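Asker: Listed below are the residues making up each chain.
Protein chains: 2
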Amino acid sequence: MKMSNMFTKTRKQVPADETAKNAQLLIKAGYVHKEMAGVYSYLPLGLKVLNKIADIVRDEMNAIGGQEIQMTALQVKERYEATNRWSDDVVDNWFKTKLANGTEVGLGFSHEENLTPIMMEYIKSYKDLPAAPYQIQTKFRNELRSKSGIMRGREFLMKDMYTYSLNQEDHGLYYEKIKHAYVKIFKRFGLGEKTFVTFASGGSFAKYSHEFQTLSEAGEDTLYLHRGKKLAVNKEVYNDKVLSELELDKSELEEVKGIEVGNIFTLGTKFTTPFGMKIDNGQGEAVTPIMGCYGIGISRVMGTIAEILSDEKGLVWPENVAPYKIIICRLGDDTDVVKQADELYKTLTAVGVEVLYDDRYARPGEKFADADLLGIPHRVVISKKTVESDKLEYKNRTKNESENISKQELQKRLETTN
Amino acid sequence: MKMSNMFTKTRKQVPADETAKNAQLLIKAGYVHKEMAGVYSYLPLGLKVLNKIADIVRDEMNAIGGQEIQMTALQVKERYEATNRWSDDVVDNWFKTKLANGTEVGLGFSHEENLTPIMMEYIKSYKDLPAAPYQIQTKFRNELRSKSGIMRGREFLMKDMYTYSLNQEDHGLYYEKIKHAYVKIFKRFGLGEKTFVTFASGGSFAKYSHEFQTLSEAGEDTLYLHRGKKLAVNKEVYNDKVLSELELDKSELEEVKGIEVGNIFTLGTKFTTPFGMKIDNGQGEAVTPIMGCYGIGISRVMGTIAEILSDEKGLVWPENVAPYKIIICRLGDDTDVVKQADELYKTLTAVGVEVLYDDRYARPGEKFADADLLGIPHRVVISKKTVESDKLEYKNRTKNESENISKQELQKRLETTN
Chain U
0 MKMSNMFTKT RKQVPADETA KNAQLLIKAG YVHKEMAGVY SYLPLGLKVL NKIADIVRDE
60 MNAIGGQEIQ MTALQVKERY EATNRWSDDV VDNWFKTKLA NGTEVGLGFS HEENLTPIMM
120 EYIKSYKDLP AAPYQIQTKF RNELRSKSGI MRGREFLMKD MYTYSLNQED HGLYYEKIKH
180 AYVKIFKRFG LGEKTFVTFA SGGSFAKYSH EFQTLSEAGE DTLYLHRGKK LAVNKEVYND
240 KVLSELELDK SELEEVKGIE VGNIFTLGTK FTTPFGMKID NGQGEAVTPI MGCYGIGISR
300 VMGTIAEILS DEKGLVWPEN VAPYKIIICR LGDDTDVVKQ ADELYKTLTA VGVEVLYDDR
360 YARPGEKFAD ADLLGIPHRV VISKKTVESD KLEYKNRTKN ESENISKQEL QKRLETTN
Chain X
0 MKMSNMFTKT RKQVPADETA KNAQLLIKAG YVHKEMAGVY SYLPLGLKVL NKIADIVRDE
60 MNAIGGQEIQ MTALQVKERY EATNRWSDDV VDNWFKTKLA NGTEVGLGFS HEENLTPIMM
120 EYIKSYKDLP AAPYQIQTKF RNELRSKSGI MRGREFLMKD MYTYSLNQED HGLYYEKIKH
180 AYVKIFKRFG LGEKTFVTFA SGGSFAKYSH EFQTLSEAGE DTLYLHRGKK LAVNKEVYND
240 KVLSELELDK SELEEVKGIE VGNIFTLGTK FTTPFGMKID NGQGEAVTPI MGCYGIGISR
300 VMGTIAEILS DEKGLVWPEN VAPYKIIICR LGDDTDVVKQ ADELYKTLTA VGVEVLYDDR
360 YARPGEKFAD ADLLGIPHRV VISKKTVESD KLEYKNRTKN ESENISKQEL QKRLETTN
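If you're matching them up, the sequences are chains U and X in order.
Be aware that the first sequence starts at 0, since it is given in numbering that gives the first Met the number 0, and climbs by one per residue.
Be aware that the second sequence starts at 0, since it is given in numbering that gives the first Met the number 0, and climbs by one per residue.
A portion of the hints provided could be inaccurate.
Chain copies aren't distinguished; within one or between two, either way the pair holds.
Unchecked claim - Simulated pairs of lysine-lysine, DSS-like, Cα-Cα distance not exceeding 30 angstroms:
{"hint": "1", "residue 1": "312", "residue 2": "97"}
{"hint": "2", "residue 1": "97", "residue 2": "33"}
{"hint": "3", "residue 1": "229", "residue 2": "33"}
{"hint": "4", "residue 1": "76", "residue 2": "95"}
{"hint": "5", "residue 1": "183", "residue 2": "229"}
{"hint": "6", "residue 1": "249", "residue 2": "206"}
{"hint": "7", "residue 1": "256", "residue 2": "229"}
{"hint": "8", "residue 1": "176", "residue 2": "345"}
{"hint": "9", "residue 1": "97", "residue 2": "146"}
{"hint": "10", "residue 1": "269", "residue 2": "8"}
{"hint": "11", "residue 1": "256", "residue 2": "178"}
{"hint": "12", "residue 1": "178", "residue 2": "47"}
{"hint": "13", "residue 1": "178", "residue 2": "269"}
{"hint": "14", "residue 1": "8", "residue 2": "123"}
{"hint": "15", "residue 1": "123", "residue 2": "229"}
{"hint": "16", "residue 1": "1", "residue 2": "383"}
{"hint": "17", "residue 1": "95", "residue 2": "234"}
{"hint": "18", "residue 1": "324", "residue 2": "76"}
{"hint": "19", "residue 1": "345", "residue 2": "183"}
{"hint": "20", "residue 1": "97", "residue 2": "8"}
{"hint": "21", "residue 1": "123", "residue 2": "411"}
{"hint": "22", "residue 1": "383", "residue 2": "146"}
{"hint": "23", "residue 1": "366", "residue 2": "229"}
{"hint": "24", "residue 1": "76", "residue 2": "8"}
{"hint": "25", "residue 1": "324", "residue 2": "47"}
{"hint": "26", "residue 1": "20", "residue 2": "394"}
{"hint": "27", "residue 1": "95", "residue 2": "33"}
{"hint": "28", "residue 1": "126", "residue 2": "47"}
{"hint": "29", "residue 1": "228", "residue 2": "206"}
If you are wondering where the hints come from, they were derived from the structure by calculation, not from laboratory data.
Since the model is a prediction, treat every value here as computed from it, not as a measurement.
Can you build the whole structure from these sequences, using the hints too?
Answerer: This is the structure:
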């Protein structure tokens, strides 16, 4: 993409009410636009990042037998009455609206009540289990306060997978498989080292649920972290009994703040019993299947990366989620400079490298500042100087120093970090 | 995908209130699930079709300089007050809801009011124009009646592009470019021969708008069609004056019904004036840019294809939008049969062909009926008989007769129809 064609530009100002670092950076860099607190539009660069995050999740969900579907935002009241989740006293963040004929409907905040009746159409026998449908879909949650930028939205993109298993043992096996997939996913996001499996409260059907918490001072959760064992305990279940069960020594734990980027949860029969879902278990019995739910906040992950991997100059995207892999900064409009920059843009694009080409007429300082703010992993400068020396001026976004390298060397850098 | 792993199955029954042929077929084949009138979830096969339709549109929009974004469902009231579209008396299909703090918000039915303030952040000069952002996003329209299956949803997927141009001339150029892209798109969908550019009412800023109407008795619009000239006139503007302007002879027109699968519209300054959007025209003047909007109903297109290209046996997907290109029906579980079917599945999948593999233990008649209902373009049967003859039994979904062909021949059939 040539920057002269891209309709967004970097901005100096952000809305006065925007206090979250992630949103401030994303707005300045032209990735998102704030509509209201907790409600953001995704502009071309932002949508690219969001899609890359979603595609990584999709890839790993498909690899463990997930089947992608797309449920609706509009929700039928009666289904939530069946599970006692319609009342605002029970679920305090509903958005509700009405059909033209007066029928009350809700906007989906989670989809257990939507999915279970669907699955009942298809899943009748133990042979049909386990089943693991998932979606990457917009959720609505009517948060009273929404001050964390795209990390806590009123409208946000989430991956929610649900499993249906014949019994507790099968459920446990799938649950572990998904836990491992999650570890892979956060590694691919570039958040692996800062993200920890965290024991949290399990509800009625399991001792614990597992959260994936990314360490950040901007996080809303307090955790007790054992770095060596690479696990943590959420404050909500932090007590002597739990520590002894998990064989953790209080003196070895650090109190830290975390952003809950994912969670996995055993639902038991909480959403299968109310709908009367029954499965032939192959032994002449009709049994109620066991559910699990598995969330990853797609837009929250994007916010988390913006929040914790950025520096004073701007965003720093990990290779796998960056909107473009490399930015070419062309300095000046000397014929040879334009020619070499155009050629490099074409050559790289032709071999499938995603290139942002800063072909604008702007001062070098402005171009460098924009390249840093945008957070593109690799930067190449082409100028009169580099054309004369037959080298490219290369800088990695995470490094301070640039180096002069050959085209062959550039190719190598782009490959090894793929 | 092995059908033994796919959680959906074909169904005999559809909900009693489902009267639209497209939705009946899609529900029977397990592509969609009805949540309420005009609100459908997309199951794995259905989501694949929806994504293929969206990807074709994306491809053609990008090819003409479109830049994809994703705006929000939740809409700020004040923006619609600015354009006099907040009142239910003006826009009769709003869904409205409230933030927890009592602030009224709407659910987006179209996004001119959302987009223009975004563009005002970035578009300041004639150098920034034309700009053509677009999105493929869920729209909400509170239809009083919604009886056309996925062809008229209360919640549905739409591509909406908007152009901003410096003046009427530039607008006209982009408008024509998009019109041509639309013709290509409907051709790629497999709807080219049945879809006609139709003159419709233009509103305050243009004599006409242009609809893309696909002929169908299930359509809601009445058109007067000139087959030879490959264009039509919507009943709403059908009069002698218009016919004479368009140089159409009444006696050469047929009265037909059409489904409006796309439309393109000159908006003039209807949405730029109220927000005070001004552009430096390079001659020292600040001018108000001219807008156009360009819609394609992604889910409506899927419904239209299901509605008009199906036959008495079920769905018939055109090659480009089919969820899978080929279905392998394995008959029986003879070792050689299983081996050959498994091998063909692997071979085709390895070269990137999307294969649905009916590896279920089911009667041949059931498998054939399902293959027809699902509407997969190519079908190959592998049985004891075909293994012995070293041929494959091949049938195209649009043909009645099967033929025995070699593997090489199959490869050729799959290539030529790609």
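Asker: Now tell me, hint by hint, if it's right for this structure.
Answerer: Against the structure, the hints:
Proximity of residue 312 and residue 97 under a CA criterion of 30 angstroms is satisfied in neither setting, with 47 angstroms inside one chain copy and 38 angstroms between copies. For a Cα distance limit of 30 angstroms, the shortest separation of residue 97 from residue 33 qualifies both inside one copy, at 26 angstroms, and across copies, at 18 angstroms. For the identical chains of this complex, residue 229 and residue 33 are neighbours neither inside a copy (36 angstroms) nor across copies (44 angstroms), given an alpha-carbon limit of 30 angstroms. Proximity of residue 76 and residue 95 under a CA criterion of 30 angstroms is satisfied in both settings, with 10 angstroms inside one chain copy and 17 angstroms between copies.
Taking the shortest Cα distances, residue 183 and residue 229 sit within 30 angstroms of each other inside one copy (14 angstroms), while across copies they are farther apart (54 angstroms). For the identical chains of this complex, residue 249 and residue 206 are intra-copy neighbours only, at 20 angstroms inside a copy versus 76 angstroms across copies, given an alpha-carbon limit of 30 angstroms. Proximity of residue 256 and residue 229 under a CA criterion of 30 angstroms is satisfied intra-copy only: 15 angstroms inside one chain copy versus 65 angstroms between copies. With identical chains, the CA atoms of residue 176 and residue 345 are at most 30 angstroms apart between copies only, with a shortest distance of 25 angstroms across copies and 42 angstroms within one.
Both within a single protomer and between protomers do residue 97 and residue 146 lie at most 30 angstroms apart by alpha-carbon distance, with minima of 28 angstroms and 18 angstroms respectively. For the identical chains of this complex, residue 269 and residue 8 are inter-copy neighbours only, at 25 angstroms across copies versus 49 angstroms inside a copy, given an alpha-carbon limit of 30 angstroms. In this assembly of identical chains, residue 256 and residue 178 lie within 30 angstroms of each other by CA distance solely inside one copy; the values are 21 angstroms within and 53 angstroms between copies. Both within a single protomer and between protomers do residue 178 and residue 47 lie at most 30 angstroms apart by alpha-carbon distance, with minima of 26 angstroms and 26 angstroms respectively.
Proximity of residue 178 and residue 269 under a CA criterion of 30 angstroms is satisfied intra-copy only: 21 angstroms inside one chain copy versus 52 angstroms between copies. For the homomeric pair residue 8 and residue 123, the shortest alpha-carbon distance between copies (11 angstroms) is at most 30 angstroms, but the shortest distance inside one copy (54 angstroms) is not. Proximity of residue 123 to residue 229 under the C-alpha cut-off of 30 angstroms is found in neither arrangement, the shortest distances being 40 angstroms within a copy and 51 angstroms between copies. In this homomeric assembly, residue 1 and residue 383 come within 30 angstroms of each other (Cα to Cα) only inside a single copy, at 20 angstroms, whereas the closest approach across copies is 58 angstroms.
Within a single copy, residue 95 and residue 234 get their C-alpha atoms no closer than 32 angstroms, and across copies no closer than 38 angstroms, so neither meets the 30 angstroms cut-off. Taking the shortest alpha-carbon separations for residue 324 and residue 76, neither the intra-copy value of 46 angstroms nor the inter-copy value of 39 angstroms comes in at or below 30 angstroms. When the C-alpha separation of residue 345 and residue 183 is checked against a cutoff of 30 angstroms, the pair qualifies only between copies, where the shortest distance is 26 angstroms, while the shortest distance within a copy is 34 angstroms. Taking the closest pair of Cα atoms, residue 97 and residue 8 never come within 30 angstroms of each other, the shortest separation being 39 angstroms inside a single copy and 33 angstroms across copies.
For a Cα distance limit of 30 angstroms, the shortest separation of residue 123 from residue 411 qualifies neither inside one copy, at 53 angstroms, nor across copies, at 40 angstroms. For the identical chains of this complex, residue 383 and residue 146 are neighbours neither inside a copy (47 angstroms) nor across copies (66 angstroms), given an alpha-carbon limit of 30 angstroms. Taking identical chains as interchangeable, the C-alpha atoms of residue 366 and residue 229 are never at most 30 angstroms apart, the minima being 41 angstroms within one chain and 50 angstroms between chains. In the homo-oligomer, the alpha carbons of residue 76 and residue 8 lie at most 30 angstroms apart only across protomers (27 angstroms), although the nearest pairing inside one protomer, at 44 angstroms, exceeds that limit.
With identical chains, the CA atoms of residue 324 and residue 47 are at most 30 angstroms apart both within one copy (12 angstroms) and between copies (28 angstroms). Only within a single protomer do residue 20 and residue 394 lie at most 30 angstroms apart by alpha-carbon distance; the minimum there is 25 angstroms, versus 59 angstroms between protomers. With identical chains, the CA atoms of residue 95 and residue 33 are at most 30 angstroms apart both within one copy (23 angstroms) and between copies (20 angstroms). Within a single copy, residue 126 and residue 47 get their C-alpha atoms only as close as 39 angstroms, which misses the 30 angstroms cut-off; across copies the closest is 24 angstroms, which meets it.
Within a single copy, residue 228 and residue 206 get their C-alpha atoms as close as 20 angstroms, which meets the 30 angstroms cut-off; across copies the closest is 71 angstroms, which misses it.
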